[in-house]
Amino acid sequence: GAVVSQHPSRVICKSGTSVKIECRSLDFQATTMFWYRQFPKQSLMLMATSNEGSKATYEQGVEKDKFLINHASLTLSTLTVTSAHPEDSSFYICSAIRDKAMGQFFGPGTRLTVL
Amino acid sequence: RKEVEQDPGPFNVPEGATVAFNCTYSNSASQSFFWYRQDCRKEPKLLMSVYSSGNEDGRFTAQLNRASQYISLLIRDSKLSDSATYLCVVNMRNQGGKLIFGQGTELSVKP
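Going down the list, the protein sequences come from chains A and B. The numbers in the first sequence follow our numbering, run straight up by one, and end at 135. The numbers in the second sequence follow our numbering, run straight up by one, and end at 263.
Do not rely on the hints blindly, as some may be mistaken.
The following label-pair restraints were derived from C-beta to C-beta distances [what the hints assert, rightly or not]:
id, chain 1, residue 1, chain 2, residue 2, range
1, A, S103, B, L226, 22 to 30 Å
2, A, P106, B, E167, 22 to 30 Å
3, B, P160, A, C33, 41 to 49 Å
4, A, E79, B, D191, 24 to 32 Å
5, B, E208, A, S29, 29 to 37 Å
6, A, L88, B, P166, 35 to 43 Å
7, B, S260, A, K40, 32 to 40 Å
Calculated cross-link-like contacts (lysine to any residue; reagent style SDA-like; alpha-carbon spacing at most 25 Å) [unchecked claim]:
id, chain 1, residue 1, chain 2, residue 2
8, A, K61, B, G210
9, A, K75, A, K34
10, B, K197, A, K34
11, A, K34, A, L88
12, A, K61, B, K231
13, B, K197, A, T102
14, B, K194, B, N246
15, B, K250, A, G73
16, B, K250, A, E42
17, B, K154, B, E167
18, B, K194, A, G73
19, A, K84, A, P128
20, B, K154, B, D209
21, B, K154, B, Q255
22, A, K40, B, L232
23, A, K84, A, D47
24, B, K231, A, Q26
25, A, K61, B, R189
26, A, K40, A, T102
27, A, K84, A, T100
28, B, K250, A, K34
Source of the hints: derived by calculation from the structure; they are not laboratory data. None of these values were measured; they are calculated from a predicted model. Idealized CB from N, CA, C, for every residue including glycine.
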């Protein structure tokens with residue numbers, strides 16, 4: 021099956037620092053990738069849609085200046101959490117579409133802890 | 153009202169039991185439907201797509217009723233390894249593949 025990787029898998033940082041998370045589609049090209057956030061005991065919430073070669077589309081309530089998304093190639097999207105605060109601590113998951121009929125393939129997630 | 157609603161559970165069942173999960177969606181423009189499985193602290197993994205004609209994959213059967221905007225998942229002969237959270241997911245027409253997730257139903261299969 022399709023494989024999506026994320027790096028890092030876990031990161032702990034101090035409040036006020038920026039953290040970059042990478043999402044790669046390993047065996048297919050993905051013109052569209054998605055970034056989700058999941059808090060404990062809650063479902064995934066879509067943050068933004070990352071489009072190769074164009075600006076990301078953010079969901080309502082997600083600050084685009086805080087969560088910077090860059091989709092520089094057909095296999096790589098990055099999410100940068102700028103000036104992270106403890107309330108940004110969460111599980112961040114990316115996904116990519118290979119075939120619409122097959123749904124989305126998810127990366128293994130990045131667990132961010134902001135101290 | 154949430155766009156995709158599920159009973160959060162938890163469902164605690166013995167091994168070998170049959171368990172059914174229900175899901176309703178509010179937007180009639182929903183186009184594609186899926187069940188995902190998510191293990192604790194892991195990413196969701198696609199369990200199966202759901203078709204109007206109903207579909208089966210081994211012990212798992214999924215049904216879709218577009219008129220009622222209702223989706224179901226039936227697990228027969230449940231195994232300990234089936235313990236996970238099951239997510240009902242819909243894809244909206246003309247929204248570039250955007251998925252809407254239900255909150256998930258937690259299943260715990262006991263020996």
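Results for each hint:
no.: 1; hint: S103(A) with L226(B): 22 to 30 Å; verdict: 47 Å, violated
no.: 2; hint: P106(A) with E167(B): 22 to 30 Å; verdict: 41 Å, violated
no.: 3; hint: P160(B) with C33(A): 41 to 49 Å; verdict: 32 Å, violated
no.: 4; hint: E79(A) with D191(B): 24 to 32 Å; verdict: 25 Å, holds
no.: 5; hint: E208(B) with S29(A): 29 to 37 Å; verdict: 35 Å, holds
no.: 6; hint: L88(A) with P166(B): 35 to 43 Å; verdict: 49 Å, violated
no.: 7; hint: S260(B) with K40(A): 32 to 40 Å; verdict: 37 Å, holds
no.: 8; hint: K61(A) with G210(B); verdict: 29 Å, violated
no.: 9; hint: K75(A) with K34(A); verdict: 28 Å, violated
no.: 10; hint: K197(B) with K34(A); verdict: 31 Å, violated
no.: 11; hint: K34(A) with L88(A); verdict: 18 Å, holds
no.: 12; hint: K61(A) with K231(B); verdict: 23 Å, holds
no.: 13; hint: K197(B) with T102(A); verdict: 29 Å, violated
no.: 14; hint: K194(B) with N246(B); verdict: 29 Å, violated
no.: 15; hint: K250(B) with G73(A); verdict: 18 Å, holds
no.: 16; hint: K250(B) with E42(A); verdict: 20 Å, holds
no.: 17; hint: K154(B) with E167(B); verdict: 32 Å, violated
no.: 18; hint: K194(B) with G73(A); verdict: 30 Å, violated
no.: 19; hint: K84(A) with P128(A); verdict: 23 Å, holds
no.: 20; hint: K154(B) with D209(B); verdict: 29 Å, violated
no.: 21; hint: K154(B) with Q255(B); verdict: 9 Å, holds
no.: 22; hint: K40(A) with L232(B); verdict: 37 Å, violated
no.: 23; hint: K84(A) with D47(A); verdict: 29 Å, violated
no.: 24; hint: K231(B) with Q26(A); verdict: 30 Å, violated
no.: 25; hint: K61(A) with R189(B); verdict: 14 Å, holds
no.: 26; hint: K40(A) with T102(A); verdict: 8 Å, holds
no.: 27; hint: K84(A) with T100(A); verdict: 10 Å, holds
no.: 28; hint: K250(B) with K34(A); verdict: 32 Å, violated
The structure fails hints 1, 2, 3, 6, 8, 9, 10, 13, 14, 17, 18, 20, 22, 23, 24 and 28 (numbered hints given earlier, in ascending order).
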